[in-house]
Amino acid sequence: MTHRYRLGIDVGGTFTDGILINEDTGGTRIVKVPSTPGDPSVGFLAAVERILREAGIGAADVGYLVHGTTVATNAIIEGKLAPAGFITTEGFRDMLEIQRQIRPSLYDLLFEKPRPLAPRYLCFGIPERLDASGSVVTPLDEQAVARAAETLRKEGVESLGVCYLHAYRNPEHERRTREIVHEVFPEAAVSLSSEVAPEFREYFRASTTLVNAGVRPVVERYLSSIEARLRDAGFKGQLLVMQSSGGVLTFEAARTKPVFMVESGPAAGVIVSAHLGEVLGFDNILSFDMGGTTAKTGLVEQGAPGITKEYEVGAAARAEHGAKGAGYPIRTPVIDLVEIGAGGGSIAWVDSGGVLRVGPRSAGADPAPACYGKGGTEPTITDANLVLKRLDPDHFLGGEMRLDEDAAWRAIEEKCAGPLGLDVVAVALGIVEIANSAMVGALRRISIQRGHDPRDFTLVAFGGAGPVHANRLAAELDIPAVLVPMSPGTTSAMGLLVTDIKHDYSATLIQRTDALDPEQVDRLYRGMEERGRKALLAEGMGHAGIGFERHVDMRYVGQSYELSIPLDDGGAGGALQSMLRKFHAEHERAYGFAAPEEPVEFVTLRLTAVGNIAKPKLRELPRGDGDAAAARRSVRQVYFAEAGGFVDCPSYDRYRLPAGGAVEGPAIVEEIDSTTVIHPGFHAGVDRFGNLLIRPAR
Amino acid sequence: MKVDPIKFEVLRNGFLEATEEMALALRRSAYSTNIKTRCDFSCSLFDRDLRPIAQSFSQPNHLGSMVGTVRQAVLEYGPGNLGPGDQLVVNYPYPSGAHLNDIVVIAPFYYRGGIHGFFGNLAHHVDVGGGAPASVGAFREVYQEGVIIPPVKMVKAGEIVDDVFRLILSQIRSKRETAGDFRAQIAANNTGGRRLTALFDRYGPEAVNFYMDELIEYTDRRTAAELTKLPRGEYAAEGYVDNDGFTDRPVRLAVRVAVGGDGVLFDFTGSDPQRRAPVNSTWAQTYSAAAYALKCVADPDLPVNEGFYRHVRLEAPEGTVVNCVHPFPVVAGWETQVRLNDTIFKALAQAIPERMIAGTKAMQCHAGFGGADPRTGAYYCYLETLGGGYGARAHSDGPDAVQTHGQNTENAPVEETEINYPVRILRYELVENSEGAGRHRGGLGVRRDYRFDDHEVTFTILADRDRWGPWGLFGGQDGRKAYYILNPDGEARELGSKTTVDLRPADVISYRTCGGGGYGPPEERDPALVLRDVREGKVSAERAREVYKVAVDTGSWTVDEAETARCRQPGRATA
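Protein chains in written order, with this note's numbering: chain G, 1 to 698; chain P, 699 to 1273.
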């Protein structure tokens, strides 16, 4: 009876969520324990222990554990990276100091640049040089490498990154450097740019490599410690960690390339949205995850999550639209998210020009929204929703916590309505609408700005606050349907259990398509496939479960932004014409014009090696009579602008809604970890898994 | 109509997002490194009366200058002559443009048959013809600087006007890149149009126009309130551009900032007469210096639109280097303009010393070159600008190696440059000991060396700071000056800051830009910070001892407290 369960543990800022799935029945069990930021492994193990105890099973019954963690991001944001060494080409040791030479804020004379990823005395320029074709111009000075390694050893550095100019074309000098470092300094963890992110543009590659080097000791210690304790407890299954790109990595792989898991946490929400879409038959999904401090939107097209290669890690919340240079760029694939400072705890305020604003400051968990009665006095989005009666003060968190309506009312009155000379309800509505407009903006950015029409998508809403707002957002953007999964508060954690093992590889090959050497393309792909297959086999995958996805980054010759075009099975030679057609079409879609007469070039070949993992089944609701009336809890007056004010609105107990049932808006559906608001003119159906599907009423 | 504060906030964000979407479209589809990678461009939305409403996060310089350019171009061409789908192109400098490289593309915004606004975007083109590749260099009149484009239609009813397009391109060396960049500029305006159409569809023209007016009034109120917080008085300073490219006579810039009950006036009267040399700033450029300074002293949260710009008041007498007239050269006008900003902040340091900075790089520092690419035979052009040291502040050091003031362009990756152009970059590093010493030190300058191995190339340095480094404040020292050196490892020759040279194969040009000025006396600097700088090799141990009076033990990496106390004894003479 062993190995019947899968376990996902998602460590967030406030809570650590655990989700256990019985592989045979699809039955799930969920726990929430407080996170322990000082040592996140404490909260991790507490969650494991509790969920196993509640399920009455032992660690040996779990065959598969996936972990979502912010340990890498937090180390960067809190400046707790291990001091790393940096080895580069002579003349360029200041790459990490100079960065992009820009200021992250335009009009702030007191700005600061991000602190360099390695202090200058740990940066070494080595005589060696490759040209843009990868040919050796100056051979590697091996003595200089040995001297640098010796100094780094004396300085007590555990981890270092190597990034030589043009090493994406020829990794030999970097590989030789690692050998030499290990001769003088065997215990050093060495990260090579040609392995971590073999793409051109040196600062971006170096930054990726040094983020990897900096988080490596932190991640190594963390993963080793939880692994040891899990093994002690009798755990014998596979240990995996979520990557920023949405796949999972084995603990072993994550130890050497931790930069791939920097945004491990947020990826899960998009992945689970994609999975739900796949099960339910929606190819195109916009995911919308609204929690206490931020709202995150992601996009899934034809089942595949959008991926960005322009991510900056460690950038503080951006006050200025479009600002860049505030963090450390990483060039590993990261699920493309647009995140804005609008969560349940975002604070509303009146600015010096007499205008109502919402966020980016958040009351967070402390002092929390005014209505939590924990001493908060500033009005938040949650307070506004309470004043509008969209939240039920008696059924918040399943009634575990009573919300204080008077406190919410008072906070809005004192801080906003009074100064504006408006009444409290109008301001509460305003707070919600301003937050909604910001979230509509985020949805626009992830869809329209990336060349997608939101009308072709289904909005999947989760996070505690997501389902409160989702119906309205969808209406604004003419998104035809909103899907609210069961237990929206733990949807993200569910994402940990529906992913495949993935390894990403890339190779720069700048070659015009009219002079393309398809043999070379195929050869590079075969090499990457070999590495991927080897890694997956070593991780216990069978040959049958291994697959590959190929994309080529292409652009017009002379441009510097590429579009990723899929390359189907078979050789590059045969696929070229159809790839060119796709490229022109994609360019037209993304930027509003195509230039088919212009030459096109390949820039980067990308390969994802996928080890397919069987997905757990969603549990079906028992078949009922489809009548929702039995789930009706009460009727209260809820504010809807489109209905002209407060109107009678029934509330429903989500757990008693039967499959096939339907609820007409206005209506409120309540469950322990969230509330779904259905506006007048909309209709929510319940599918056989209990998902709510909100659409305009006919 | 009554102001609904909620709709107001929604539309304000919508306007801003329209300009950000324009910027994204322009950047991603452009061809030249200067635009696509270095982001030397800006995008704006104007209302039906040509008043600026919103601007993208980009180059503050452009944003100020574009305010005048778009207005002048549309009025001159006649809004009635602009149909749906038409776009104008313009780079005429006087008085409302900048140098010829900065080409603005303008589109009217039509909604239900009427004009309800305008989009404009400005991009610095890598070449616009003229006397040297990349269209930088010292010339005697504007006609030598490149193609001059009055407002003409480049796009008619959505189609490129081929005659105009070909006529312009034929003046330009880097035809393919430039054609691609123009297409990207046109696409950017179209992108803005789509976004604004969605807002008009949703809220109706009457409401959107009403809230554009309201946004201006709101910004006006807030700006006025901000400016009353400044201490009243008159604050004067003078600054210099080191030379003009033909003579060594420094170019004097006079600044008087008058803060009164009616706001802030920037008076540049007393600045030198215009010169037959590239250092003349146009009215629009000088205006953008004043606008940038005003924005820096106001609340950073303040939106930038007509309501803000109407508080930008300046005196810049015609016929001077701060408001030149036809046909005086303009290509290095930004060098003068950015120095004006340094000078304004020097003046304001008397009023608000805690919020101001010591002298910064405050030059554009262009490196432009071109020739026949030995790989293809095609004429290529390349342009970039280099960062330098930032000025120290009352409570913090000036950052190393950044762009300053209205200039915030990125560096081009060495690898990208070497892939696309026949050049090798030999070094790109900080210039040690270049900081202006102080209680808080200025930032370090950068060094960048270029070598051309296999072909002849024409190289232009268009920069400054080759005589004086940026000034220190309140006892802080000046930053080290800049150096421009031909063949530093061979028969080294120092070049002037405004020089065009023909290079032979294997010649090297080395830039070492200036450090930022220091703030407060260096002997008051925290010895722990001096130790850090020495440890990092940014400041030598000798310099630490001599200038900061701090003795660093470079064996143990500690401050020698006793020796430092002795060095810092009051009344002790400088070593």
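If you're looking for bench data, these hints aren't it; they were derived computationally from the structure.
Check before you lean on any hint, since a few could be wrong.
[Stated by the list, open to error] Pairwise CB distance ranges, derived in the manner of DEER restraints:
hint	chain 1	residue 1	chain 2	residue 2	range
1	P	Ala1226	G	Glu112	16 to 22 Å
2	P	Lys700	G	Pro622	53 to 59 Å
3	P	Pro998	G	Gln302	37 to 43 Å
4	G	Glu155	P	Ala1226	14 to 20 Å
5	P	Arg919	G	Thr377	26 to 32 Å
6	G	Lys582	P	Gly811	36 to 42 Å
7	G	Arg221	P	Asp1224	30 to 36 Å
8	P	Ile1050	G	Ala228	56 to 62 Å
9	P	Pro998	G	Arg53	51 to 57 Å
10	P	Gly1235	G	Ser578	50 to 56 Å
Positions of the beta carbon are idealized from the N, C-alpha and C atoms, including for glycine.
Against the structure, the hints come out as follows:
no.: 1; hint: Ala1226(P) x Glu112(G): 16 to 22 Å; result: holds, 18 Å
no.: 2; hint: Lys700(P) x Pro622(G): 53 to 59 Å; result: holds, 54 Å
no.: 3; hint: Pro998(P) x Gln302(G): 37 to 43 Å; result: holds, 42 Å
no.: 4; hint: Glu155(G) x Ala1226(P): 14 to 20 Å; result: holds, 19 Å
no.: 5; hint: Arg919(P) x Thr377(G): 26 to 32 Å; result: holds, 27 Å
no.: 6; hint: Lys582(G) x Gly811(P): 36 to 42 Å; result: holds, 38 Å
no.: 7; hint: Arg221(G) x Asp1224(P): 30 to 36 Å; result: holds, 33 Å
no.: 8; hint: Ile1050(P) x Ala228(G): 56 to 62 Å; result: holds, 58 Å
no.: 9; hint: Pro998(P) x Arg53(G): 51 to 57 Å; result: holds, 52 Å
no.: 10; hint: Gly1235(P) x Ser578(G): 50 to 56 Å; result: holds, 54 Å
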